[in-house]
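For chain A, the structure is supplied; the task is to place chain B on it using the hints.
Given next are the chains, with one letter for each unit.
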Amino acid sequence: MSISRHIEALYREESRRVLATLIRLLGDFDLAEEALQDAFAAAVTQWPVDGLPDNPRAWLISAGRFKAIDRLRRRARFDASLEELALRFEQATEMPDLDLSVEDDRLRLIFTCCHPALSEQARVALTLREVCDLTTEEIASAFLTPTPTVAQRIVRAKAKIRDAGIPYRVPEKSELAERLDSVLQVIYLVFNEGYFPSSGDAPTRADLSSEALRLGRLLLSLLPEPEVAGLLALMLLTEARRAARTDAAGDPVLLDDQDRTLWDRVLIAEGEKLVEQALRSRRFGPYSLQAAIAAVHAEAARPEDTDWEQIVGLYDVLLRAAPSPVVALNRAVAVAMRDGPEAGLALIDGLLADGGLDGYYLARAARADLCRRAGHIEEARAGYREALALCQQGAQRAFLEKRLAALDVESAAR
Amino acid sequence: MKYLCLVYAEEASLHSLPDSPEDDECQAYADSLAESGHMLGGEPLEPVRSAVTVRVRDGKTSVTDGPFAETKEQLTGFYLVDARDLNEAIRIAENIPPARVGSIEVRPVRELQVNGEG
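Protein chains in written order, with our numbering: chain A, 1 to 414; chain B, 1 to 118.
Next comes chain B alone, as it looks inside the complex:
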């Protein structure tokens, strides 16, 4: 199964806590997941102040400043992984370095129900 591990943390303190991970450590973990065949993709994100939110209503596009929801913790990166089951996905998530200072939301990827095949 595919799981998306969403890394949430308080941006203001993400890089300044005693347990905060260095980029080197994050890169090394991503490399190890790639090596074991679990990694499908993943990136760290620029802070939310760089975000825009796009909506289309009645055919009209509106673009607003900032993230969709104001929350205490922000989305700071993601890993798309391939895991045997939720237990393996949890094991992958608990080793994502920022799990020590933030939290990781593990979401199964939904298969789109596309008609017209076979």
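Next up, chain A with everything else stripped away, as it sits in the complex:
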């Protein structure tokens, strides 16, 4: 391999690690990013002459640090306070146990980018930019947001990290659970935006989901906590259905109607193993429980083989662990599968009366679907229309319209 190809490969594999360590050493995101680019630029000119260094990662970190000191020196001509900073970096010779601390630095970077003091949108943008190395343009197009908006979110997030003193640290044991929640939330949000886009006409955006899976795997390797395994399992078991989730025209296909031979058995096997691991720990939470539900679905070769008793039981536990109207809605649908549509309708009507599902089109669609199965065709029709009025997403709208049209066929046949 030529040296320049080697450097390219090294950039893909190592640039995030080098960046994470440079942020710790320099205490500043922007300075560290510039230093990273400088270090690779230096490698491109020096390595072909001097040959590959023994430890390229250590070389890059060290070069980045010196380049940052140079940059501060140049700027110090205009701002004297920077000279002090440059001097401090120069004297800090601390570079011990590089290989050990580098993995800690990656974890620090994740926790800092996902700190709950940042808004959810800022956490997502910053994580994709700094941890995953997506460009601002790529993030903007994935979330159908103007590039300047994303750029501004990232700039503001970095400013808040600096001004509010958000630390570059892995949280202590007492804070870990809460901080980890915030990280898992960001990863799951990225995954879901790829799997169920909130707007736009494409039914899925695979690139975002695979980025979330990569992040989940990275986090599990750095921090093998049960809920991290649970989230990764949930994403894998969901991802396994991707090929079956849409038909040839790109329209969504319900779980019951999916061709289960298209499900990815490799992803399912990996997901199931992780679920078991998480549940065995007895320290699992909502992600592990949702993954367990997905695993029960994955075990059924045909929809009628589904163990609804077990699924309702898992929803009961989930509802206690993380009560929410949406979980209660899913539980109601599972009860309808176990005990018949009327039982589910009674539960959904109770939930709708509580008001927590106002404006949520899936609640209207689920109710309409149970009405259809119970033979209340007119009520089903009204329900699908209510759902359509609340739904913005192209592929989901097309799906609801198809359901509505199918009702006419059904009522004509009666």
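Keep in mind that the hints were calculated from the coordinates and are not lab data. Cβ coordinates follow ideal geometry from the N, Cα and C atoms, glycine included. Hints are supplied without guarantee of correctness; some may be wrong.
If you want the ones that stay clear, here's a sample from chain A, every Cβ over 12 Å from chain B, calculated [stated by the list, open to error]:
| # | residue |
| --- | --- |
| 1 | F78 |
| 2 | R88 |
| 3 | A164 |
| 4 | N192 |
| 5 | L222 |
| 6 | R265 |
Label-pair distances were calculated between CB atoms; the ranges are [claimed, not checked]:
| # | chain 1 | residue 1 | chain 2 | residue 2 | range |
| --- | --- | --- | --- | --- | --- |
| 7 | A | L176 | B | D19 | 24 to 30 Å |
| 8 | A | H6 | B | R100 | 38 to 44 Å |
| 9 | A | S281 | B | R100 | 28 to 34 Å |
| 10 | A | D181 | B | K72 | 23 to 29 Å |
| 11 | B | K72 | A | A177 | 46 to 52 Å |
| 12 | B | L40 | A | S81 | 22 to 28 Å |
| 13 | A | R77 | B | Q113 | 18 to 24 Å |
Only chain B this time, still in chain A's reference frame:
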């Protein structure tokens, strides 16, 4: 870093909820922060009905009754603390007794950019 922890709560119910802190508990927490070296200063405040708002416009001072903004929760006290970073400041804030009935806004203290030195 220095952080100002602003204690907001609904004055009307601050002292009457089941979880409302007693003065003794607040004093004890302030003492413990002083002992651990985190406390730079802090006081509870009299209710907003005792407040005046002062403005100077075109060199003229105007004094009006009440707080600057009418909000559901009022500023009822503050802690100025020294913390290693935001995580430590959040840990200090979550243990401020009225956090159970109100909310604590944690704000980093800004250093004034004063010229003419060194």
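Each hint, compared with the structure:
no., hint, result
1, F78, "holds (14 Å)"
2, R88, "holds (16 Å)"
3, A164, "violated (5 Å)"
4, N192, "holds (28 Å)"
5, L222, "holds (19 Å)"
6, R265, "holds (43 Å)"
7, L176(A) x D19(B): 24 to 30 Å, "holds (26 Å)"
8, H6(A) x R100(B): 38 to 44 Å, "violated (58 Å)"
9, S281(A) x R100(B): 28 to 34 Å, "holds (31 Å)"
10, D181(A) x K72(B): 23 to 29 Å, "holds (27 Å)"
11, K72(B) x A177(A): 46 to 52 Å, "violated (30 Å)"
12, L40(B) x S81(A): 22 to 28 Å, "holds (24 Å)"
13, R77(A) x Q113(B): 18 to 24 Å, "holds (19 Å)"
In summary, the numbered hints that this structure violates are 3, 8 and 11.
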